[in-house]
Amino acid sequence: MSKILIVDDEEMVTTSLRNLFRLRTDYEAITFTSPEEALRSAERHMYDLVISDYLMPDIDGITFLSRFKEAQPYAIRILLTGYADKESAIRAINEIGLYQYVEKPWDNDALLMIVKNAIEKAALLRTLEQKILELRAAQGSLKEFQNELIRAFI
Amino acid sequence: MSKAPELVHELRTPLAAIRSNHDILEKAFQSLRAHLGTNPGDETLNLLAIVEESLRISRLARERLEAVIRSVREERRQTNLHDAIESALALLGHELKGRIRIVKDFGDITAVDARPDQLHQVFMNIILNSAQAIQGTGEIRITTRQDGPMVRIMISDSGPGISPEIRDRIFDHGFTTKGAQSGMGLGLVICHKIIEDHAGHIEVHSDIGKGATFTVVLPAAPGAEKEG
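Chains as they are written, first to last, in our numbering: chain G, 171 to 324; chain P, 14 to 241.
Source of the hints: derived by calculation from the structure; they are not laboratory data. Just so it is clear, CB atoms sit at the ideal spot from N, CA and C, and this is done for glycine as well. There could be a bad hint or two in this list.
[Unchecked claim] Negatives, chain P to chain G, calculated, CB over 12 Å: (1) Ala29; (2) Ser44; (3) Thr57; (4) Asn93; (5) Lys117.
[Unchecked claim] 16 Å max Cα-Cα, derived EDC-like pairs, lysine to aspartate or glutamate: (6) Lys40(P) x Glu65(P); (7) Lys117(P) x Asp130(P); (8) Lys173(G) x Glu198(G); (9) Lys110(P) x Glu65(P); (10) Lys40(P) x Asp277(G); (11) Lys40(P) x Asp279(G).
Sequences are here, hints too, so could you generate the full structure?
Next up, the structure:
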């Protein structure tokens, strides 16, 4: 089961999103209202995807996501933005490799689609990486076999 | 500096939560209905009625929040405050009828440079709060006065008054005394932001047992005539 971490200082947002994922997906959504606590959780548990609010009292969403990236570089990062911080969100796409920003108020169906696509993309990337590793290993043993053949005939 | 972007920002979060939950509730309601047999029991029907009523309330909350967000983009113009108060009273008629007596003491005041829909929201929220503070029957007095370059609107209720601890937090985001079922603690926060955006301020005075008075102070529009 894919695991999602959600952080927003407004509990009404975390509750809504937790309910949304619980009722309409089989992802496990873990929510936090404190970015620091979320980062501590990222040290102990692996997440496939992280959704963060932009405007929070202690750390802004971009700083949070870049610190999250240090802990878990493979987790997909999504930023939730309000009205005033859209420009910053767009800049962050390049700065911290943001997968997507979603504006508040979000549309449930659109958000679920973004998360589903992101998780599928991450799974495909992981499979691809695995296949590349397998291919490299196969190439290595093939080379060894080739060397043995050469040694046998020369 | 304009507080409008900040106001929109603060309203988008509760709007997002309401919209998302409304959508979840609506889908749950549809699937609940689809799964019901031909002869649902009383308990199931009661449950359906509760969900349907929750949907209606969340739709209302959503529409009100969207109206405030829309009004931020409205153009400012010379606004007659007495009209804004009267239109708020007309909409609250059902809430006040037979329980709250409204006493109007309107003075000679000038127009203000404002977004009329937003001022309408401010008066709606304050009058509704005053009405909800009054247990049983009571009175709300609305007084308007010119005070040099400023216009003062005082809304006093005959409710139980507000304790100093609550008075200090009354404009805080998310603060409510109405319990989780009734309020999100947004009404007075919205009022405060709107009035600040109009270069004015709101004061609240109260003595326990003697009711509370909310005073909205706004600058008169430059060159405006008194509206009487």
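Hint-by-hint comparison with the structure:
no.: 1; hint: Ala29; verdict: violated, 4 Å
no.: 2; hint: Ser44; verdict: violated, 10 Å
no.: 3; hint: Thr57; verdict: holds, 19 Å
no.: 4; hint: Asn93; verdict: holds, 30 Å
no.: 5; hint: Lys117; verdict: holds, 37 Å
no.: 6; hint: Lys40(P) x Glu65(P); verdict: holds, 11 Å
no.: 7; hint: Lys117(P) x Asp130(P); verdict: violated, 21 Å
no.: 8; hint: Lys173(G) x Glu198(G); verdict: holds, 5 Å
no.: 9; hint: Lys110(P) x Glu65(P); verdict: violated, 27 Å
no.: 10; hint: Lys40(P) x Asp277(G); verdict: holds, 14 Å
no.: 11; hint: Lys40(P) x Asp279(G); verdict: holds, 12 Å
When the structure is compared with the earlier hints, violations turn up for hints 1, 2, 7 and 9 and for no others.
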